Amino acid sequence: MARLSDAIRTLMASSLGLPGMQNLLAQEAPDDAFEYRYTHYDEAPLPLDKLAFGDPRRYEIGSHQFRILKNLGDSYALELNYLHEAMSGSSPWYVVPGDDGPLQVMSGATIRERRNQVDISLARQRGDFTHTGALGYSIENDYKALYGSYSEERESDDGLRTVSWGGSYSNDEISPTDAQFYGRVAHAQRDSISGSLSMTQILNRNAVIQSGIGLTRQAGFLSDPYKQVWIGQAVLNDSRPDQRLSFAWTTRFRQYMERSRAALVLDYRFFRDDWKITAHTFDAAWRQPLGENWEISPSIRYYSQNSPDFYQPYYLVLPADGYWSSDYRLATFGALSYRLKATFRQERWSFSLGGEYYNSDESLAISGRPENTPALVDFWRVTAGFEVNF
Amino acid sequence: MGCPCEIKLYAETGAIARHGFKSAETEVHRLDLKYSHYREDSHLARMQKWAARPGGVDVDGETAALFNYAQTQFDISEGMFDITTRALSALWDSIKTIPDEQQIYAALKKTGWDRVQWNGRNLQVPAGLEFDLGGVVKEYAVDRAAGLLIKAGFRSGYVDLGGDLYFLGPHPDGRPWKVGIRNPVKKNDPVAAVDLYSGGLASSGDYERYSEIDGSRYGHIISPRTGWPVGPGACGLSAVSTLAPSCLLAGSVSTLAMLFPSEKGISFLKQSGLRWLSIGADQAINGTLASDPIASE
Chain A
1 MARLSDAIRT LMASSLGLPG MQNLLAQEAP DDAFEYRYTH YDEAPLPLDK
51 LAFGDPRRYE IGSHQFRILK NLGDSYALEL NYLHEAMSGS SPWYVVPGDD
101 GPLQVMSGAT IRERRNQVDI SLARQRGDFT HTGALGYSIE NDYKALYGSY
151 SEERESDDGL RTVSWGGSYS NDEISPTDAQ FYGRVAHAQR DSISGSLSMT
201 QILNRNAVIQ SGIGLTRQAG FLSDPYKQVW IGQAVLNDSR PDQRLSFAWT
251 TRFRQYMERS RAALVLDYRF FRDDWKITAH TFDAAWRQPL GENWEISPSI
301 RYYSQNSPDF YQPYYLVLPA DGYWSSDYRL ATFGALSYRL KATFRQERWS
351 FSLGGEYYNS DESLAISGRP ENTPALVDFW RVTAGFEVNF
Chain B
391 MGCPCEIKLY AETGAIARHG FKSAETEVHR LDLKYSHYRE DSHLARMQKW
441 AARPGGVDVD GETAALFNYA QTQFDISEGM FDITTRALSA LWDSIKTIPD
491 EQQIYAALKK TGWDRVQWNG RNLQVPAGLE FDLGGVVKEY AVDRAAGLLI
541 KAGFRSGYVD LGGDLYFLGP HPDGRPWKVG IRNPVKKNDP VAAVDLYSGG
591 LASSGDYERY SEIDGSRYGH IISPRTGWPV GPGACGLSAV STLAPSCLLA
641 GSVSTLAMLF PSEKGISFLK QSGLRWLSIG ADQAINGTLA SDPIASE
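So the protein lines, in turn, are chains A and B.
All residue numbers for the first sequence refer to this note's numbering, where the first residue is 1 and numbers rise by one.
All residue numbers for the second sequence refer to this note's numbering, where the first residue is 391 and numbers rise by one.
FYI, nobody ran anything at the bench for these hints, they're computed from the structure.
Treat the numbers as computed from the prediction; the structure is a model and nothing was measured.
Glycine included, C-beta positions come from ideal geometry on N, C-alpha and C.
Among these hints, one or two may not hold up.
Some chain B residues close to chain A (C-beta under 10 Å, calculated; not the full set) [unchecked claim]:
| id | residue |
| --- | --- |
| 1 | A454 |
| 2 | Y459 |
| 3 | R534 |
| 4 | L638 |
Here's a subset of chain B near chain A, in silico, CB distances under 7 Å, partners left out [as the list claims (entries may be wrong)]:
| id | residue |
| --- | --- |
| 5 | E452 |
| 6 | N458 |
| 7 | D533 |
| 8 | G537 |
| 9 | P635 |
| 10 | L639 |
| 11 | S642 |
| 12 | Q661 |
| 13 | S662 |
| 14 | G663 |
Work out the full structure, taking the sequences as your base and the hints as a guide.
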């Protein structure tokens, strides 16, 4: 179908308040689609006054993503995703005490990595139910992951409420490079199983709320084989508990503004795990159509987490429980990211360009005990993509 | 519904088809009982009486959604698509001569959505004002019936309530439905044949409902501004058919196009992004719906 005019879209949105209409309009099968997206991710180098030794240049990642959606008959849809990523740069190893606060030790040589990921999903719609099964495989030279998921979605008779639930399982295999040379674990595994339940409710013709919970249980080797810690002159490998149970609650509210034709999207996510990490994410986005073909969307995201008990930038004495980590991603910190995305849409294709600046800092945390964490990262991300519908 | 109705279904057994037919028919009948202005005992008639009393009446969810939709139609059409023109249509339906200006003025005074107090739940109307949901409920009933059939698993067939249609899907062998768009003047003379697979199709014009006074045809779409039927004289379009994701949407777009002055009607259709077909007073056919136009004589 061609792109609908504003008047038609307003009428259509208004008719969604009628019982069953959601069902009928959703009946329009999505078009077959092909999508390509390129993302360039660039971390700012570590400031030299925070560097103990190593290479201050951090990760740079280029990724190509392809997506194909194909409808098979009336009730089946097949989706295929392929991702190729190439990364280079050096990564933070451990932190040592310095005269003016802790200093970061970085890996010396530049790391070069490639990752390929493919996943395939099949959705089947029957009456009020949509069943989706998916399988995926991701491979790097030191990492393999195989995962699968199943979910069901059910729409209420009046079409105003959707309930969905699902489960997923993943098995990761890690075989770090230069294991013998650096004394890293040679081979390790971890399993992860998770379940989720969510509900979407149309509040009125302009507002939708969605809320869901998820539980994840991880078991196995949960440490990072490339991270180390400084413990009273000695350098040891990262050591984390081999079990983790986490809980997340996500809520999204979407309000359409008739007068400006814009949409406000507010998200909140609460995260808590038995390592005692608590995290909050707030996201606010504004989607503003301009003329018939353009949409501009600025958004801002705030993130805050506190560190688990076993985290410290460095240790003076060996912790008795055997758990230690100086991975900056476990530190107490907060982050702000600013994003802007522009989309140009024609009848059968669209092109989009987006940019994001991310800045993290100890002082942005809303809870926890902030400690000087030299490796906290700032990055830029630029994404360009196009989609064609058939 | 006070019009010829047809439901055509393909199913594995006759019993399944009959079951589907029965549930769709029951739903159409429910909406007819609820909203018909031909019935004095309808929910709409009772609600109208209550709404004229001080404090008005709180309406049920389905009716509220219909009024909200009517509000949107009114806003988009800058007041031309108005569900309160019952007094005017009753005037033009009932008499055999052209009403005089005084009769039209009296009827106009009993109309006007902008005089209705509607807050999304509570409805208050001035005395004498009557609703005519004919331009909304028939199409909505088509969608409701089609929605129930789709939910029950039917993917081949259509629902037709007096020329407002919803196609569930093509014939089981994949062939489309061949639909003839009729000439509004010469009834049995199709002006275009259209291949349709799925979606809602609705037409507006003086196909079925019109009054013939002194040899001239007056359609059932009355302009709430002038109190006169819109017709070829007023807008230059004699009929419009639209294909949309729902029959309700198709019906609204067809009627809106008829209500706008001719050029605006055509540009509204052109910009809509939907497939449509218009027949001008001069029988000229325009639009993107006619894949296979048949020359009219």
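**Message:** Less than 7 Å between beta-carbons is the criterion; does E452 (chain B) satisfy it with respect to chain A?
**Reply:** holds, 6 Å
**Item:** Hint check: 7 Å Cβ-Cβ cutoff, L639 (chain B) to chain A
**Value:** holds, 6 Å
**Asked** For the hint on G537 (chain B), does the least C-beta distance to chain A fall short of 7 Å?
**Response** G537 (chain B) check passes; min Cβ-Cβ to chain A is 4 Å, inside 7 Å.
**Request:** Against chain A, run the beta carbon of N458 (chain B) and see if the smallest gap drops under 7 Å.
**Result:** N458 (chain B) check passes; min Cβ-Cβ to chain A is 5 Å, inside 7 Å.
**Item:** Interface restraint verdict for Y459 (chain B) against chain A (beta-carbon cut-off 10 Å)
**Value:** holds, 5 Å
**Message:** Let's test the interface hint: is any C-beta of chain A closer than 10 Å to that of R534 (chain B)?
**Reply:** holds, 6 Å
**Request:** With chain A as the partner, please determine if Q661 (chain B) meets the hint condition of a C-beta pair closer than 7 Å.
**Result:** At 4 Å from the nearest chain A Cβ, Q661 (chain B) passes the 7 Å test, so the hint holds.
**Interface hint compliance - D533 (chain B) to chain A, C-beta minimum distance less than 7 Å** = At 5 Å from the nearest chain A Cβ, D533 (chain B) passes the 7 Å test, so the hint holds.
**Item:** Closest C-beta approach of S662 (chain B) to chain A relative to 7 Å, hint status
**Value:** Where the cut-off is 7 Å and the nearest Cβ of chain A is about 5 Å from S662 (chain B), the hint holds.
**Item:** Status of the G663 (chain B) interface restraint (C-beta, 7 Å, chain A)
**Value:** holds, 4 Å
**Prompt:** Holds or violated: L638 (chain B) as interface residue toward chain A, Cβ cutoff 10 Å?
**Reply:** holds, 6 Å
**Item:** Restraint outcome when A454 (chain B) is required to lie within 10 Å of chain A by C-beta distance
**Value:** For A454 (chain B), the interface hint holds, since the closest Cβ of chain A sits about 8 Å away, which is under 10 Å.
The structure agrees with every numbered hint stated previously.
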